[in-house]
Every structure is written in structure tokens, then in C-alpha cells.
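Colleague: Residue numbers (our numbering), protein chains in the order written: chain A, 1 to 249; chain B, 1 to 231.
Some hints here could point you the wrong way.
Claimed, not checked - Distance condition first, Cα-Cα at most 30 angstroms in a straight line; then the derived DSSO-like pairs of lysine-lysine:
#1 A:Lys10 / B:Lys204
#2 A:Lys10 / B:Lys201
#3 B:Lys66 / B:Lys82
#4 B:Lys66 / B:Lys88
#5 B:Lys88 / B:Lys22
#6 B:Lys22 / B:Lys66
Please keep in mind that the hints were generated in silico from the structure rather than gathered at the bench.
Read off the chains here:
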Amino acid sequence: MTETRDCIEKDDLVAYLYGEVDLRVRQRVDAHLRGCVSCAEDVRSLEAVRGALGEWVPPDTHLGFSVSETVGIGGGVKNLLNHVLHSPSWGVAAVVALCFVAALAVTRPEIYFGSDWMLVRFGTPQSGSSYSVEADPLPPQFDLESTPVDGVTEAREWVQRVHELIEESEERQARALSDRVQEVEQRLEEHGQAVLSGMERRFREVDPEEAALARQQLLDYRRSWLRLGDAGSIQERSGDLNRVSVRGR
Amino acid sequence: MTSSGYTWRIMGETSSVSVRMKRTDEELVALATAGDPESFNQLVGRWEHRIFALAYRVIGREDDAKDVCQETFLRAFRGIKKFEGKAKFSSWLYRIALNLCRDWLRRDRRSAVIVSLENEEQADACLFDDKSENAERHVVRRDMQRVLGQAMSLLTEDQRATIVLKEFHGLTFQAIADLQGCPLSTVKTRLYQGLSIMRRKLEKEGVTNPLLVVGQPKAAGAKSETMNKSQ
Chain A
1 MTETRDCIEK
11 DDLVAYLYGE
21 VDLRVRQRVD
31 AHLRGCVSCA
41 EDVRSLEAVR
51 GALGEWVPPD
61 THLGFSVSET
71 VGIGGGVKNL
81 LNHVLHSPSW
91 GVAAVVALCF
101 VAALAVTRPE
111 IYFGSDWMLV
121 RFGTPQSGSS
131 YSVEADPLPP
141 QFDLESTPVD
151 GVTEAREWVQ
161 RVHELIEESE
171 ERQARALSDR
181 VQEVEQRLEE
191 HGQAVLSGME
201 RRFREVDPEE
211 AALARQQLLD
221 YRRSWLRLGD
231 AGSIQERSGD
241 LNRVSVRGR
Chain B
1 MTSSGYTWRI
11 MGETSSVSVR
21 MKRTDEELVA
31 LATAGDPESF
41 NQLVGRWEHR
51 IFALAYRVIG
61 REDDAKDVCQ
71 ETFLRAFRGI
81 KKFEGKAKFS
91 SWLYRIALNL
101 CRDWLRRDRR
111 SAVIVSLENE
121 EQADACLFDD
131 KSENAERHVV
141 RRDMQRVLGQ
151 AMSLLTEDQR
161 ATIVLKEFHG
171 LTFQAIADLQ
181 GCPLSTVKTR
191 LYQGLSIMRR
201 KLEKEGVTNP
211 LLVVGQPKAA
221 GAKSETMNKS
231 Q
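Kindly produce the complete structure, drawing on both the sequences and the hints.
Modeller: So, in C-alpha cells, the structure goes:
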């Protein structure tokens with residue numbers, strides 16, 4: 001922007017822009033702006049900025065501030081509570097931390113740790129009380145070393161009782177196993193009889209001599225099958241059975 | 001916050017104030033000084049939005065502006081008995097608010113009126129409250145808000161406060177000079193320099209022409225959000 005000696009001073013230009021000039025100054029500025037392109041452009045651009053500023057609106061926020069009177073001694077406490085409740089979360093956190101520090105200062109706790117114990121002491125060493133907490137202690141009836149002398153008899157009775165329970169359990173398991181074995185043997189016997197009967201019915205349909213021979217072989221095989229303890233596995237016996245051949249007519 | 005047996009808090013609507021007989025600020029100040037908190041509440045209801053707007057435009061952050069606004073009235077309440085009435089009550093409030101804004105800006109060397117993305121979203125929501133506004137104009141206004149915020153951040157604290165007081169609160173040059181404690185010519189210089197800086201910024205951002213579209217330039221002497229509205 002070029003400024004000549006006759007141009008309007010900036011103070012007057014601003015005053016003119018906001019209408020805070022008397023009539024004489026206004027007329028002088030108006031006359032100058034009609035002949036000075038530079039000042040006219042200056043005023044126009046500043047008016048444009050003012051127009052743009054009109055778009056700068058603050059958010060429509062709810063305020064609603066007010067004061068209310070509180071009377072009495074309780075008012076102070078109420079005010080404090082209100083202040084804390086309406087303060088940011090860090091304020092509440094600070095109050096809690098302050099209370100915690102105050103509690104520590106009053107109780108003066110001392111904490112000691114061991115492999116299986118923890119000791120918490122409150123107050124001064126001379127007058128304070130202490131509480132000991134053992135970590136994961138064993139049941140007293142099994143902790144013979146820490147059990148008082150009067151409890152030794154009771155602990156032994158407990159051990160004896162446990163032994164008896166274990167023996168009873170083992171006996172029950174042995175009986176159940178024996179019953180199961182007998183049941184399997186019986187089923188095998190029944191199955192063998194059924195197979196033998198079926199084969200005998202087939203033998204009647206073939207040559208009597210071969211049938212007699214085959215029957216004898218089967219009886220021998222069955223005897224060898226039932227002769228527990230003899231040499232030979234189930235697989236070998238199955239192979240023997242396969243060798244029995246029956247020819248049809 | 002507490003003060004001398006009174007609780008300062010945010011309450012619900014204060015519309016009940018408006019149905020009462022209209023008193024001048026000076027009358028309400030006199031009643032409040034005599035110990036009537038309700039009179040002070042009427043003053044609060046009358047001025048809180050303008051104080052908030054002042055703080056928001058100087059600081060540029062809504063939450064902080066609310067804090068400044070609340071602190072302004074708290075200090076006014078505490079010091080109401082010391083208010084001698086030599087200046088207008090509104091000028092006294094403006095002085096308190098401007099001092100608080102200055103303290104806020106100088107604390108931790110904060111920068112003012114920087115429109116962050118978060119603020120843009122808030123501004124977006126605010127702008128879209130006007131259902132009648134079409135999308136194109138909404139975008140123009142949003143961009144304008146952003147550029148204006150950036151332009152205001154280029155100003156000095158005094159230039160910014162001067163523009164806000166003059167442009168949005170309609171204070172006279174003399175009133176601004178009294179508030180800022182400077183000569184009348186200094187106020188005019190700050191105003192001219194501030195507007196010129198903003199003009200260059202707006203031209204640089206290429207929003208010179210939209211200015212003429214979205215906002216009609218005010219006629220010489222026109223005022224917005226003037227103090228006279230409340231009186």
C-alpha cells in the first residue's frame with residue numbers, strides 16, 4: 001500500500017471504519033477515499049476482514065453459573081464435599097492419595113517378608129502391636145513339628161485312620177478286579193460252547209469219519225485253549241483253529 | 001468452590017431470573033454488595049455468555065473459556081464489596097476476564113486460538129446445529145472458522161483482545177484504552193495492525209472472495225454483540 005502525504009492517518013482510518021469519528025472527520029475521509037484508490041482499497045479489505053470475523057461464533061454452550069448460600073457449621077463440610085464432587089477426577093484422586101498418606105503417617109506400618117511368612121507391624125516399635133501371617137500354612141494336624149506336644153496323639157490317630165482308609169480302598173479295588181476276570185472267563189466259556197455246538201451241527205452234514213476226526217481235533221484244541229498257562233498265544237491258537245478243515249460232500 | 005459461606009456451583013436453568021423486574025447493573029451490584037446473592041446471580045445470568053464469548057475468542061478453547069468465565073464471576077463475587085462503581089460493572093468484569101485470559105495464556109506459554117482437529121469436530125457439530133444451513137455454506141463457514149482461528153493466533157495478545165473487545169463487544173476506543181491501560185492511539189494502532197495481519201492471512205489462504213459471500217462487510221460504525229443490548 002502506498003501512502004502519500006495527503007492520505008488519511010491510520011488512527012482516523014480505523015476510527016472511520018468503526019464510526020467513531022465526528023462529522024468533520026467523516027466528511028474529510030469520505031472525500032479522500034473518493035480520490036485515493038489505495039486508501040479506498042485499504043478500507044474495503046479491512047471491512048472484508050470485519051465481515052469475516054462475523055462468522056467466528058463461539059460454541060453454544062450451557063453455562064448456568066450461580067451462587068447459593070449455605071449456613072451453619074455443616075456448611076463448610078457440605079461446601080468441601082460439593083467442591084470435591086464437582087472437581088475433576090484428579091482432584092478426587094489427590095484427596096484419596098492424601099487420606100492414604102495420612103493413614104500411613106498415623107499407623108506407621110512395617111512389613112517384613114520371609115519365605116513362608118509375612119509380618120505386619122503398626123505403631124511405634126515400643127508400644128505397637130504386630131500381626132504375623134504365615135503364607136500357605138500346612139494343616140495343623142499334619143505339621144508335626146509345629147504341633148504342640150499335647151497334639152501328638154491326635155496326629156498319630158489321624159495318620160492311622162488315613163492308612164486304614166487306603167487299605168480299604170485297595171481291597172475294594174482287588175475285589176472288583178477279581179470279579180471282572182471271572183466275568184470275562186465265563187463269557188469266553190459261553191462263547192466256546194456256542195461255537196462248538198454250531199460246528200457239531202455242521203459235522204452231521206459231512207462224512208462221519210471226517211466229522212469224528214474233526215470233532216476230536218476241536219476237542220483237543222478246546223482243551224488246549226482252556227489249559228491256561230500252557231505255551232502258545234491266542235494268535236497261535238487261532239492259527240491252529242484255521243488248520244481245521246471241513247470238506248463238504 | 002467456596003467463598004465466605006457461599007457455594008459456587010453450576011446449577012440448572014436460571015431462566016427464573018428473566019421474569020423478575022428488570023434492574024440495572026448498578027442496582028443489582030448495590031443489592032449484591034448488601035449481601036443479596038440472588039442479585040448477583042441476576043448479574044451472572046446477564047453477563048455470563050458475553051464473558052464466555054470473550055474468553056473463548058481470546059483463548060480459543062471452550063473448556064478453558066468456561067473455566068475462565070466461572071473464575072471471573074467467582075472473583076467478582078468475592079470482590080463485589082470492593083467494587084466502587086467508578087467504572088461500569090461490565091468493564092470491571094471484562095477487566096477480570098482479560099486478566100484471567102492473560103494469566104491462562106502466559107501459564108506454560110500456551111498458544112491461543114489454534115484450531116485443532118478435535119476443535120474442528122466440535123465446531124462442526126456446533127455449526128450443524130443450524131438445520132437450515134445447506135452443506136455448501138456449512139463447509140464455507142467451517143473453513144472460515146479454521147482460517148480465522150489461525151489468523152487470530154498470529155496476533156499478539158493485546159491485538160487479539162483489542163479486536164475482540166471492539167468487534168464483538170462494541171466497546172469504545174476509550175473503554176478499551178481504560179481496560180488495557182494504554183493511550184487511545186495505541187488501541188487504534190493495535191486494531192489497525194491486527195486487522196491488517198488478519199487480512200494478509202486471509203488473502204494468503206485464498207478466502208478473500210468468500211468473505212464477501214459468507215459475510216457482508218459491516219457498514220462503518222456498525223456494531224455486533226454490543227454492550228447496549230444488555231442495558
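Colleague: All hints are to be evaluated individually against the structure, with a verdict given for each.
Modeller: To see whether the hints hold, each was checked on the structure:
Straight-line distance between C-alpha atoms of lysine 10 of chain A and lysine 204 of chain B comes to about 23 angstroms, which keeps the hinted pair within the 30 angstroms bound. Distance hint between lysine 10 of chain A and lysine 201 of chain B is fulfilled; the C-alpha atoms sit about 20 angstroms from each other, no more than 30 angstroms. A hinted pair counts as satisfied when its Cα atoms are at most 30 angstroms apart, and lysine 66 of chain B with lysine 82 of chain B qualifies at roughly 24 angstroms. With a C-alpha separation of about 23 angstroms, the suggested pair lysine 66 of chain B and lysine 88 of chain B falls inside the 30 angstroms cut-off, and the hint holds.
For a cut-off of 30 angstroms, the pair hint linking lysine 88 of chain B to lysine 22 of chain B stands: about 17 angstroms separates their Cα positions. Straight-line distance between C-alpha atoms of lysine 22 of chain B and lysine 66 of chain B comes to about 26 angstroms, which keeps the hinted pair within the 30 angstroms bound.
Of the numbered hints listed earlier, not one is contradicted by the structure.
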